[in-house]
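Q: Sequence:
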Amino acid sequence: MSPLIAALILGLMQGILEWLPVSSQGNLVILAIAFLGLEPEYALSLSVYLHLGTGLAALVYFRKQVTGILRRGSEGDRELFRFLLIATIVTGVVGFPIFAVVRLTSLYGEALLALTGLALLATGVMQRDRGSGGTQEPTRLDMQDGLALGVVQGLSVIPGLSRSGVTTTALLFKDFSGEQALRLSFLMSIPASFAA
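Everything in the sequence shown is counted per my numbering, starting at 124 for the first residue and increasing by one.
None of these hints come from the bench; they were simulated from the model.
Derived Cβ-Cβ restraints for the label pairs, each shown as a range: (1) M124 - G301: 34 to 42 Å; (2) M124 - R186: 33 to 41 Å; (3) L270 - G199: 13 to 21 Å; (4) I221 - G138: 20 to 28 Å; (5) R226 - R194: 32 to 40 Å; (6) F219 - L182: 16 to 24 Å; (7) F317 - R195: 17 to 25 Å; (8) E164 - R195: 34 to 42 Å; (9) G160 - L244: 20 to 28 Å; (10) G134 - V224: 24 to 32 Å; (11) G199 - L127: 39 to 47 Å.
Glycine residues also receive a C-beta, built at the ideal position from the N, C-alpha and C atoms.
The task is simple: from the sequences and hints, build the whole structure.
A: Now the structure itself:
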């Protein structure tokens, strides 16, 4: 199959799957290897590059909120800025070494598919066991929240773990409402997507 056709198919799937609490990267890797016949290393790299489009889409959608956070005009914006900064740094510290290991294992397609399958199962279990959420406001975020959510988001570089699924679930466990958890999860995705 032509690399351009494969990229178009995967881009379409990324655009649909990224906003759902399923692993877009895991599903893209499986689709690319099993159905499009791509090499595992190329499939993994392509799935990572597709996150740039995700980051751009989230940045455009949340542009007003991102502008407020960057200006840090209110106390809530300052808290959210600190939270996102800490979460982003921790995501990189946790995620880059894991990604390096995953990339090494991608040389062996069966190992990557097995890891992806296990991570998809773990995501399903977390989604089933998540809390229903609460009413905590995003301005109640502290350094520990940034550290914890950064670790969770960093782990999501494993194909099959849904970044939005695990971060939203963690925020629901912290008593945020569903809407607040999704908004924070998508705000966290912006720097993570561009860093990928």
